[in-house]
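**Student:** From first to last, the protein sequence lines are chains A and B.
Residues in the first sequence are numbered from 1 upward in steps of one, following the UniProt record's numbering.
Residues in the second sequence are numbered from 1 upward in steps of one, following the UniProt record's numbering.
Do not rely on the hints blindly, as some may be mistaken.
Only pairs whose alpha carbons sit at most 30 angstroms apart, straight line, appear in this in silico DSSO-like list of lysine-lysine [what the hints assert, rightly or not]:
| # | chain 1 | residue 1 | chain 2 | residue 2 |
| --- | --- | --- | --- | --- |
| 1 | B | Lys23 | A | Lys23 |
| 2 | B | Lys23 | B | Lys42 |
| 3 | A | Lys42 | B | Lys42 |
| 4 | A | Lys23 | A | Lys42 |
| 5 | A | Lys23 | B | Lys42 |
| 6 | A | Lys42 | B | Lys23 |
Far from chain B, some chain A residues (derived; all Cβ distances over 12 angstroms) [unchecked claim]:
| # | residue |
| --- | --- |
| 7 | Ser3 |
| 8 | Ala73 |
| 9 | Ser75 |
| 10 | Asn144 |
| 11 | Ala151 |
| 12 | Arg161 |
| 13 | Arg166 |
| 14 | Pro167 |
| 15 | Arg169 |
| 16 | Gly186 |
| 17 | Gln196 |
Just the calculated beta-carbon pair ranges, DEER-fashion [claimed, not checked]:
| # | chain 1 | residue 1 | chain 2 | residue 2 | range |
| --- | --- | --- | --- | --- | --- |
| 18 | A | Val183 | B | Arg77 | 24 to 32 angstroms |
| 19 | A | Ser75 | B | Arg37 | 28 to 36 angstroms |
| 20 | A | Gly102 | B | Ala97 | 55 to 63 angstroms |
| 21 | A | Glu38 | B | Glu121 | 18 to 26 angstroms |
| 22 | B | Lys23 | A | Gly74 | 21 to 29 angstroms |
| 23 | A | Asp36 | B | Gln129 | 53 to 61 angstroms |
| 24 | A | Ala93 | B | Val174 | 42 to 50 angstroms |
| 25 | B | Gly22 | A | Leu68 | 25 to 33 angstroms |
| 26 | B | His172 | A | Thr98 | 51 to 59 angstroms |
| 27 | B | Glu121 | A | Gly102 | 29 to 37 angstroms |
| 28 | B | Gly134 | A | Asp36 | 38 to 46 angstroms |
| 29 | B | Gly22 | A | Gly22 | 56 to 64 angstroms |
It is worth saying that the hints were derived from the structure and are not from the lab.
The C-beta atom is built at its ideal place from N, Cα and C for all residues, glycine as well.
2 protein chains.
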Amino acid sequence: MSSSPLLANLIEALRCLPGVGGKSAQRMAFHLLERDRERGLKLADALREAMQRIGHCGRCRNFSEEPLCTICAGSSRDRQLLCVVESPVDLAAIEQATGYRGQYFVLHGRLSPLDGLGPEELGLPQLAQRLGEGEVEELIIATNPTVEGEATAHYLAQLARAGGVRPTRLAHGVPLGGELEFVDRGTLAHAFGGRQLLE
Amino acid sequence: MSSSPLLANLIEALRCLPGVGGKSAQRMAFHLLERDRERGLKLADALREAMQRIGHCGRCRNFSEEPLCTICAGSSRDRQLLCVVESPVDLAAIEQATGYRGQYFVLHGRLSPLDGLGPEELGLPQLAQRLGEGEVEELIIATNPTVEGEATAHYLAQLARAGGVRPTRLAHGVPLGGELEFVDRGTLAHAFGGRQLLE
């Protein structure tokens with residue numbers, strides 16, 4: 001139906017973005033063409049650069065275009081704390097929400113033998129080596145509270161103990177601002193069992 | 001906070017898309033980097049090509065990378081019907097919703113002297129010339145039913161009559177599937193006044 005094959009092509013290409021369907025893609029394309037061609041071109045450059053040049057940090061496996069990411073390369077972060085996350089999104093969430101000043105290790109997945117994700121794929125030999133170096137004192141395990149995330153946490157805790165490192169896990173419980181009525185049973189049972197003394 | 005300046009740059013650039021804030025931009029960037037770099041690169045190419053090469057059709061002023069858009073260049077559309085719309089989005093909506101087989105003229109705006117949009121800016125001399133050629137028999141005025149859109153419609157109707165062309169306007173009324181209770185007063189009054197004989 002389009003009067004322009006390039007426009008149809010752009011609308012189709014925009015649908016690779018998560019949460020963007022045909023209607024939004026069309027709106028985005030028209031918006032850029034009508035009002036913001038310059039920023040559209042900047043976006044094209046940013047996309048190309050990012051897709052081609054961003055690799056992984058050799059130390060923490062997070063996204064980075066340098067051999068070491070800025071967190072690993074910098075000297076300001078506490079090297080005795082190491083936080084393990086499943087994905088870079090989780091790392092970003094922790095950076096934005098907490099005042100954590102330690103370092104990270106990104107698994108890019110969770111143990112899931114059926115999907116072909118074993119210790120090798122998650123970089124666990126590399127993690128074990130780092131734990132064995134003696135610098136890390138606490139391994140903060142921040143995998144997701146799913147079945148596979150918990151299994152991975154269990155495995156990571158064993159790895160930590162083998163390297164003489166204290167493993168800790170993010171606290172589970174009732175979310176702030178939540179209402180007990182709407183909290184799922186598992187979480188409520190966990191929060192109830194893990195109740196703490198008010199001081 | 002980002003471990004990668006290129007990633008931060010991409011997230012910022014994605015915010016030029018309408019309806020995309022910081023959180024969605026981050027989700028999009030991570031999604032492309034983790035799962036879909038190839039389509040990310042395709043999007044970069046599609047964006048660059050579209051921003052640089054899409055201009056306007058010399059006849060209908062719609063977006064086109066050729067001197068004439070596919071609708072104007074093709075021979076399959078009825079040249080006696082000409083539909084005037086404010087923007088290419090409106091054209092796309094009509095193409096998708098109706099079985100209209102005539103041609104179009106895109107104003108890229110509406111008469112709005114305060115914004116510096118007069119007849120010249122909307123290409124009305126070009127439209128008047130086309131109406132004077134004698135090929136067009138009906139000018140379907142599909143500007144938006146806003147104050148400025150109505151004023152523009154009025155002007156266009158005069159232009160059509162001056163060229164000996166019959167001007168028509170899209171019907172106003174109660175939307176299909178709407179409930180009278182929730183229809184705004186102006187629309188309801190219009191629909192009531194314009195009631196039609198059931199046959």
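**Student:** None of the hints should be skipped; say for each whether it holds.
**Tutor:** Against the structure, the hints come out as follows:
1. Lys23(B) <-> Lys23(A): Holds, because 20 angstroms separates the two Cα atoms, which is no more than 30 angstroms.
2. Lys23(B) <-> Lys42(B): Between Lys23(B) and Lys42(B) the Cα gap is close to 23 angstroms, so the pair holds against 30 angstroms.
3. Lys42(A) <-> Lys42(B): holds (15 angstroms)
4. Lys23(A) <-> Lys42(A): Given pair Lys23(A), Lys42(A) holds - Cα atoms ~23 angstroms apart, limit 30 angstroms.
5. Lys23(A) <-> Lys42(B): holds (19 angstroms)
6. Lys42(A) <-> Lys23(B): The hint holds at about 19 angstroms.
7. Ser3: violated (4 angstroms)
8. Ala73: Since the minimum Cβ distance to chain B is about 9 angstroms, Ala73(A) lies within 12 angstroms and the statement is violated.
9. Ser75: holds (15 angstroms)
10. Asn144: holds (15 angstroms)
11. Ala151: Answer for Ala151(A): holds, closest chain B Cβ roughly 21 angstroms.
12. Arg161: holds (28 angstroms)
13. Arg166: holds (25 angstroms)
14. Pro167: The assertion about Pro167(A) holds, with a minimum of 24 angstroms to chain B.
15. Arg169: Arg169(A) clear of chain B: closest Cβ-Cβ about 23 angstroms, beyond 12 angstroms.
16. Gly186: Its Cβ never comes within 12 angstroms of chain B, the nearest being 26 angstroms, so this holds.
17. Gln196: Non-interface label stands for Gln196(A): nearest chain B Cβ at 30 angstroms, farther than 12 angstroms.
18. Val183(A) <-> Arg77(B): 24 to 32 angstroms: violated (60 angstroms)
19. Ser75(A) <-> Arg37(B): 28 to 36 angstroms: holds (32 angstroms)
20. Gly102(A) <-> Ala97(B): 55 to 63 angstroms: For Ala97(B) against Gly102(A), whose Cβ atoms are near 56 angstroms apart, the range 55 to 63 angstroms holds.
21. Glu38(A) <-> Glu121(B): 18 to 26 angstroms: Taking Cβ atoms as reference, Glu38(A) and Glu121(B) lie about 21 angstroms apart, which means the hint holds.
22. Lys23(B) <-> Gly74(A): 21 to 29 angstroms: With a Cβ separation near 26 angstroms, Lys23(B) and Gly74(A) satisfy 21 to 29 angstroms, so the hint holds.
23. Asp36(A) <-> Gln129(B): 53 to 61 angstroms: violated (32 angstroms)
24. Ala93(A) <-> Val174(B): 42 to 50 angstroms: For Val174(B) against Ala93(A), whose Cβ atoms are near 47 angstroms apart, the range 42 to 50 angstroms holds.
25. Gly22(B) <-> Leu68(A): 25 to 33 angstroms: holds (26 angstroms)
26. His172(B) <-> Thr98(A): 51 to 59 angstroms: holds (55 angstroms)
27. Glu121(B) <-> Gly102(A): 29 to 37 angstroms: Violated: the Cβ-Cβ distance is about 59 angstroms, outside 29 to 37 angstroms.
28. Gly134(B) <-> Asp36(A): 38 to 46 angstroms: Between Gly134(B) and Asp36(A), where Cβ atoms are some 40 angstroms apart, the hint holds.
29. Gly22(B) <-> Gly22(A): 56 to 64 angstroms: The hinted range 56 to 64 angstroms is violated for Gly22(B) and Gly22(A), with Cβ atoms some 25 angstroms apart.
Comparing the model with each numbered hint stated earlier shows that hints 7, 8, 18, 23, 27 and 29 do not hold.
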